[in-house]
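Participant: Going down the list, the protein sequences come from chains D and S. Take the position in the first sequence, starting the count at 1, then add 5; the result is the number in my numbering. Take the position in the second sequence, starting the count at 1, then add 5; the result is the number in my numbering.
Among the hints, a few may not be true.
Same chains, same label: a pair holds when it works inside one copy or across any pair of copies.
[Claimed, not checked] No farther apart than 20 Å at their CA atoms in a straight line, the calculated lysine to aspartate or glutamate pairs in the EDC-like style are these:
{"#": "1", "residue 1": "Lys99", "residue 2": "Glu143"}
{"#": "2", "residue 1": "Lys99", "residue 2": "Glu73"}
{"#": "3", "residue 1": "Lys23", "residue 2": "Glu63"}
{"#": "4", "residue 1": "Lys470", "residue 2": "Glu455"}
{"#": "5", "residue 1": "Lys58", "residue 2": "Glu47"}
{"#": "6", "residue 1": "Lys440", "residue 2": "Asp409"}
{"#": "7", "residue 1": "Lys370", "residue 2": "Glu339"}
What the hints contain is simulated information worked out from the structure, not anything from laboratory work.
Protein chains: 2
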Amino acid sequence: MTPQGEDFSAWYNELVAKAQLVDRGPARGTMVIRPYGYRLWELLQAELDRRIKDTGHENAYFPMLIPESYLRREAEHVEGFSPELAVVTHAGGKELEEPLIVRPTSETIIGEMMAKWVSSHRDLPLLLNQWANVVRWELRPRMFLRTTEFLWQEGHTAHADEADAMRETMLALDLYTEVARDIAAIPVVPGEKTPGERFAGAVRTYTIEGMMRDGKALQAGTSHYMGTNFAEAFDIRYTSGTGRLEPCHTTSWGMTTRMIGAVIMTHGDDKGLVLPPRLAPYQVVVVPIGRGDQLERTSAAARELADRLKAAGVRAHVDDRAQLSPGFRFNDWELRGVPVRLELGPRDLESGTVVMVRRLGDEGKQSIPVSSAPDVIPGLLEEFQEFLLRRATAFRDGHTAAADSWDVFVEVVASGWASALHCGAPACEDDIKAKTAATPRCIPLDGAAETGRCVHCGEPSAYGKRVLFGRAY
Amino acid sequence: MTPQGEDFSAWYNELVAKAQLVDRGPARGTMVIRPYGYRLWELLQAELDRRIKDTGHENAYFPMLIPESYLRREAEHVEGFSPELAVVTHAGGKELEEPLIVRPTSETIIGEMMAKWVSSHRDLPLLLNQWANVVRWELRPRMFLRTTEFLWQEGHTAHADEADAMRETMLALDLYTEVARDIAAIPVVPGEKTPGERFAGAVRTYTIEGMMRDGKALQAGTSHYMGTNFAEAFDIRYTSGTGRLEPCHTTSWGMTTRMIGAVIMTHGDDKGLVLPPRLAPYQVVVVPIGRGDQLERTSAAARELADRLKAAGVRAHVDDRAQLSPGFRFNDWELRGVPVRLELGPRDLESGTVVMVRRLGDEGKQSIPVSSAPDVIPGLLEEFQEFLLRRATAFRDGHTAAADSWDVFVEVVASGWASALHCGAPACEDDIKAKTAATPRCIPLDGAAETGRCVHCGEPSAYGKRVLFGRAY
Chain D
6 MTPQGEDFSA
16 WYNELVAKAQ
26 LVDRGPARGT
36 MVIRPYGYRL
46 WELLQAELDR
56 RIKDTGHENA
66 YFPMLIPESY
76 LRREAEHVEG
86 FSPELAVVTH
96 AGGKELEEPL
106 IVRPTSETII
116 GEMMAKWVSS
126 HRDLPLLLNQ
136 WANVVRWELR
146 PRMFLRTTEF
156 LWQEGHTAHA
166 DEADAMRETM
176 LALDLYTEVA
186 RDIAAIPVVP
196 GEKTPGERFA
206 GAVRTYTIEG
216 MMRDGKALQA
226 GTSHYMGTNF
236 AEAFDIRYTS
246 GTGRLEPCHT
256 TSWGMTTRMI
266 GAVIMTHGDD
276 KGLVLPPRLA
286 PYQVVVVPIG
296 RGDQLERTSA
306 AARELADRLK
316 AAGVRAHVDD
326 RAQLSPGFRF
336 NDWELRGVPV
346 RLELGPRDLE
356 SGTVVMVRRL
366 GDEGKQSIPV
376 SSAPDVIPGL
386 LEEFQEFLLR
396 RATAFRDGHT
406 AAADSWDVFV
416 EVVASGWASA
426 LHCGAPACED
436 DIKAKTAATP
446 RCIPLDGAAE
456 TGRCVHCGEP
466 SAYGKRVLFG
476 RAY
Chain S
6 MTPQGEDFSA
16 WYNELVAKAQ
26 LVDRGPARGT
36 MVIRPYGYRL
46 WELLQAELDR
56 RIKDTGHENA
66 YFPMLIPESY
76 LRREAEHVEG
86 FSPELAVVTH
96 AGGKELEEPL
106 IVRPTSETII
116 GEMMAKWVSS
126 HRDLPLLLNQ
136 WANVVRWELR
146 PRMFLRTTEF
156 LWQEGHTAHA
166 DEADAMRETM
176 LALDLYTEVA
186 RDIAAIPVVP
196 GEKTPGERFA
206 GAVRTYTIEG
216 MMRDGKALQA
226 GTSHYMGTNF
236 AEAFDIRYTS
246 GTGRLEPCHT
256 TSWGMTTRMI
266 GAVIMTHGDD
276 KGLVLPPRLA
286 PYQVVVVPIG
296 RGDQLERTSA
306 AARELADRLK
316 AAGVRAHVDD
326 RAQLSPGFRF
336 NDWELRGVPV
346 RLELGPRDLE
356 SGTVVMVRRL
366 GDEGKQSIPV
376 SSAPDVIPGL
386 LEEFQEFLLR
396 RATAFRDGHT
406 AAADSWDVFV
416 EVVASGWASA
426 LHCGAPACED
436 DIKAKTAATP
446 RCIPLDGAAE
456 TGRCVHCGEP
466 SAYGKRVLFG
476 RAY
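If we strip away everything but chain D, and leave its shape as in the complex, we get:
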C-alpha cells in the first residue's frame, strides 16, 4: 500500500478497497458499501439514532421522488442544488408530465408535509428525523467522502420562534460533536460557517470540523437554522396562543456515511485502518495457530475464548482460515483495523495463556492468562478508545496555530489549520482560497473575543473572534 507520507490520497483509495469497506458502483460516483463498511455505519447509526430519539425526535420516512416544482419554491435552495440533481423523466413506460427529482435533501417535501400537519402552537415543536439515501451528482467522487448516492440522517424541525429553533440547531450540533468525539474518537471543532459557506437556503449554518492526518479539514456534520425561509415558501404556519397566524422557524441537520471516511483518515496509518473500539465491527480477533490436529485444538480453544469475550460484551471474531498463514492473517486484521488481536498457538494452550497485541500505542506482544482475557479486554478497549482520542487531539493541536501575518498563515495552512482574524468579505475568502487552497472552516464556538485586522487584506476583522482556516475535503 502507498504510504500516507508519499500520497495520502492514494493511501486512502487503496485502503478503502483492500480493507473491503467499499467497492465502486457502476453508475458515476456511486459506491457499494460492503459488509465490513456497512457494519461501521450501523454501529454509528445506532449511537446517533439513540441520541436523536432520547432528545424527543421521531423517525419518519418521506418519498424520495420530489416534483421538480417543489425545489423551485425556495430561490437559494434551487440555485444551490440544481447542478447536482438526478431527474426521473420517464416512469411506468411513459414520459412524466412533471419530472421528478431524486432527493438531494428533503427540506422541500418535508416542508410541504409540515404545512399540512402544523396548525396550532400545540403542534410545535415538530421534531422529525429521517434515515435515507440521497443523490447529488458528483463530478469528482471519492468513496465515502463525496459519492453520487450517500446514506445519512436528516433532522427537520419546526418551531414557534427563533429562540426555540436556535436551541434545536445547537442541540443537533452538540449531538454530532458528542458522537464524533465519544464514539468515533474524532476531536471535532464545532463552529459557525461564514456566510459564503452556508447551506443553500439557511440563515445560519453550523458545522463540526475534524482534522485528517494530512492536516486537511473534513466537515463531518452540519446543522442549519433556516429562519422562516422554508416556512414562507411552503406555508408552514401556526396559530399562536393569542390567535395570530405566524410562520414557523425551521431547522435541518445531517450526518452522513462521510463519517466513515473521517474515521479512516483520522486514525489510519501505513499498516491500514485503526478503528475506535466503539465503532469496530470486531473489537477483538482471535487467531488460532498450528497445523492439522494442532489447529483443530487451538481453533476450538479460540472459539471458546471468543464466546467468553462475547458474553463479556466484546465483539469478538475467530479467524481460523486454515489455508492462510498466521502472518497473513495478522496483517489482514491489522489492515482492517481491529483494535486487539489475540494469538493462540499450541504452546499457549499448554501454558494456559494467549498472546495479546494492540493495533497501536504500545510495542510488542504481551502474554496473559487466557482465563483473565474477558476481565482484561473490556478495560483495554476503553483505554484504546481514549488513547485514539488523545492522539488525534494532540495531532490536531500540533497542526493548528494562530496566524497573525500572511506569511505565517500560508505556512500553517500548508500542513494544518490557521486560526486567524478575517474581514468577512467573500471576495477576500476567494482570494485566500485561490492563493492557498484554504477556506474558512468555521468560527469556533469556544473562540475568545478578539478584534483586529484581517490576516489577508488588513481590513477590520469581522465576527468578533478568530476564524479557523484550512484546506478541506
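Following the hints, complete the assembly by docking chain S onto the known chain D.
Facilitator: Only chain S this time, still in chain D's reference frame:
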C-alpha cells in the same frame, strides 16, 4: 369511520390516515410514513434484522441507480419489471449516455458485484442482506400495500449447489413465517407459488400468505430460488474443490412495509387499529383525568406510573393533553390500537388504584392497585399477543374450506380461501381468476399428499397436494 362490513377498502383507507400512520406523497402512488407508522416498521425491522444476522447474514448497501443494460441481461427479469420502472435520463445538468433505472429490486447490481467477490468455493456461501427503498411504478396504489416507493429488506445469497441454495430459500421463508406469527400475530401459511405466480427470473418462488379480515389473502413475504439464472447472466462462478469452474446457485428474499398493511387488516376493527404488543409503538397509554389542579396531580402520578412501567420494559406513554376531553383521548388511543389503556382520575389517586382497559377480548373496565401495574401489565401484554394470534388463526380456519366441486369452490372463495386440487395449467388458473377473482395463493408446505381431478377443469391434478385459492391484495 366507515365500518369494515360496509366497505372494507374505505375502512382501511380512512384508518391509515386517521391513525396518523401514513399520508399521501405528491408523486403518484408515493407515501409519507408518519412517525407512528414508521415506529411500527422500526420494531418489525429490529426483530427481522436480528434473525437475519443470527443466521449468518451480513448487511451491505448497493447503489440505487442501476444501468439500464443490467436489467436486460436476464430475459424474464426484464420482462417482468419493465412496465414498472422509473428512469433517470438526466443528471448533473446533462442527458446521460445510458439511462439509469431506480432499483425495483437489486438482483442485477448485486449479481454484478457477487461476480467480483466470488472466486473460490471458500467464498461460499455468500450471505448478504440490504435494507433499502425500491421503486415500482404503481397504477393502482394503496397505502402500504402497493406504493410506488416502498421500504424493504432484500436478502441475496450465492451457494455452491442447489441443495445449499434451497436450504437458504427455506430458511428465509422460516424467518418470515416466524416473524409474521410471533411478532405480528399473523398466522401465515407458508407454501410454494405455482409457476404462473413466480418471481421474474426465479426457478421456484415461496411465499407466506396471510388472511385479512375481509377474507382476502395478502402475500406478506417471498423467498426465491434462482437456480443458476442470475449466475449465468452475471457470471457468478467459483472454482470447486476439484478445480472446476462452476456457476453459483443464488437466492433472493424480501419482506416490505406491506407488512404494516397486513397488521392493520388482520387485527383492526370498526373502532380502529388493534396492534400486537410486540409491534405497538406504545403498549400502554396512561390517561390522567381531571381539571386544573386535579389534572396536575393525576398527570404527575401518570408520569410516575409510566416511568415504572418503562423500567419494567413496557413501552408506555402519557397522554395529558389538557385541551382534549378524557373521552376524546380514550377514543383516540382505541383508534390508534394501543393494547392497554390505564385511566387515572382523582378518585383513583385517593384509592391507590388505576382503571385498566384492554383494547379487545374482554368486556369493561377493571380496577387494579396502581402499585401492582408494573407486575401485572407485562403478562397481560403477552396474553394479548397470544389472544390476537389465536383469534386470527380461528378466523383464518373458519374462512378456509376444502372445495371438491366447482360450486363449493365459488362459494368459499367469495369470503375466504378454498383448498382444492388443481391441474396446474396456467390457462385454467386464468379461467378461475376471470370467473371468481381468485388466484392460487400457494401450495402449502404442510399439505397432505393427495391426487385427483382439478376442481375447475377435471383434468388430473398437479403438485401431489391441494392448492390454496383466494382473492388477493
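Participant: Taking the hints in turn, state whether each one holds.
Facilitator: Hint check results:
1. In the homo-oligomer, the alpha carbons of Lys99 and Glu143 lie at most 20 Å apart only across protomers (13 Å), although the nearest pairing inside one protomer, at 28 Å, exceeds that limit.
2. When the C-alpha separation of Lys99 and Glu73 is checked against a cutoff of 20 Å, the pair qualifies both within a copy, at 17 Å, and between copies, at 16 Å.
3. Proximity of Lys23 and Glu63 under a CA criterion of 20 Å is satisfied inter-copy only: 18 Å between copies versus 38 Å inside one chain copy.
4. Taking CA atoms no more than 20 Å apart as the test, Lys470 paired with Glu455 passes inside one copy only; the shortest distance there is 5 Å, against 85 Å between copies.
5. In the homo-oligomer, the alpha carbons of Lys58 and Glu47 lie at most 20 Å apart both inside one protomer (16 Å) and across protomers (13 Å), since each shortest distance falls under that limit.
6. In the homo-oligomer, the alpha carbons of Lys440 and Asp409 lie at most 20 Å apart inside one protomer (17 Å), although the nearest pairing across protomers, at 87 Å, exceeds that limit.
7. In this assembly of identical chains, Lys370 and Glu339 lie within 20 Å of each other by CA distance solely inside one copy; the values are 14 Å within and 63 Å between copies.
Of the numbered hints stated above, none is contradicted by the structure.
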